[in-house]
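Visitor: Numbering that gives the first Met the number 0 applies: residue 0 is where the sequence shown begins, and numbers increase by one.
For the record, the hints were derived by calculation from the structure and aren't laboratory data. Hints may contain errors.
Stated by the list, open to error - Here are the simulated EDC-like cross-link-like pairs (lysine to aspartate or glutamate), alpha carbons at most 16 Å apart as the crow flies:
| # | residue 1 | residue 2 |
| --- | --- | --- |
| 1 | Lys240 | Asp87 |
| 2 | Lys220 | Asp87 |
| 3 | Lys4 | Asp298 |
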Amino acid sequence: MAKVKCKPKIICHGGAGKRRGNWRKAVEAVDRAAREGYKVLKRGGSALDAVTRAVSVMEDDPNLNAGTGSYIQLDGIARMDACIMDSDLNVGAVIQIDDVKNPIQVARKVLETSVHSVLMGDLASDFARQQGFPIYDPRTDERLALWLRIRKKFAKYQLCDLMVHLREEAEKREKLSTVGAVAIDRDGRLAAGTSTGGLRIDLPGRVGDVPLVGCGNYACKHGAVSCTGIGEKIIKVVLAKSACDFMARGMTAKEACVEAIKLVDSVRGQAGLIAIDARGNVGWARNAPFMSVKVIGDD
Numbered sequence: 000m001a002k003v004k005c006k007p008k009i010i011c012h013g014g015a016g017k018r019r020g021n022w023r024k025a026v027e028a029v030d031r032a033a034r035e036g037y038k039v040l041k042r043g044g045s046a047l048d049a050v051t052r053a054v055s056v057m058e059d060d061p062n063l064n065a066g067t068g069s070y071i072q073l074d075g076i077a078r079m080d081a082c083i084m085d086s087d088l089n090v091g092a093v094i095q096i097d098d099v100k101n102p103i104q105v106a107r108k109v110l111e112t113s114v115h116s117v118l119m120g121d122l123a124s125d126f127a128r129q130q131g132f133p134i135y136d137p138r139t140d141e142r143l144a145l146w147l148r149i150r151k152k153f154a155k156y157q158l159c160d161l162m163v164h165l166r167e168e169a170e171k172r173e174k175l176s177t178v179g180a181v182a183i184d185r186d187g188r189l190a191a192g193t194s195t196g197g198l199r200i201d202l203p204g205r206v207g208d209v210p211l212v213g214c215g216n217y218a219c220k221h222g223a224v225s226c227t228g229i230g231e232k233i234i235k236v237v238l239a240k241s242a243c244d245f246m247a248r249g250m251t252a253k254e255a256c257v258e259a260i261k262l263v264d265s266v267r268g269q270a271g272l273i274a275i276d277a278r279g280n281v282g283w284a285r286n287a288p289f290m291s292v293k294v295i296g297d298d
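Full structure from sequences and hints, please.
Guide: This is the structure we're talking about:
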């Protein structure tokens, strides 16, 4: 019996939060990313290829907080996280990598070539060099100017007080941040990819939800999910895996996203997520004021 072909589809997000600054340009970047990812699917490419391409496009846009234009931590370094996963449970992630253009592409190489699933810091950078990724500084003039203002404002605080004030400031001012994409290809394979430059105001060493498998990003045979929002809250409810578990119980992607956001509500968090289930249904939900989303598919 011939294998039934699926209708390829991709959904992208450019973060959830408040509409500040160049949010319209950010929305345009998400639209462009979805179109580029869909081109890969139409050519017969895999869901992994489409997600890698879409997230890379968003990482290259300085109006989004991933790759070029990532927020700079208090010590002056832009550290980035990324994770990519497919429906066969293959996964790769990088944590706190600071010297590459496209963290999602390094995460993809971790998935494909490393005996490990997650690499961090200097090891992630060394791995990137071994894989042929050139050294790249993702900081922009706009982000450097913001960093100088932040450093001056918080210079008077000791570490314990600083952590409290930074958390409050980040939640008060957080705008569109993490980027992500999920896709299904013509063979029914699913993939999810997520990338971030972290919080607007961040301490070196802080790790959010994105590179923690099952928290900000997850894929399995039942669905694929990418999340965005306040990482500490997303981690508490293992948001991406929880949404996939809902799909495993028979919920559609949309129903799973709605239920997953209820978990975020239960810990007084703010987030958004996108999903595709094994039947090709797409869904998204948020309790943040705004989330940029773009869906493209044959139907």
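Visitor: Which hints, by number, does the structure contradict?
Guide: none
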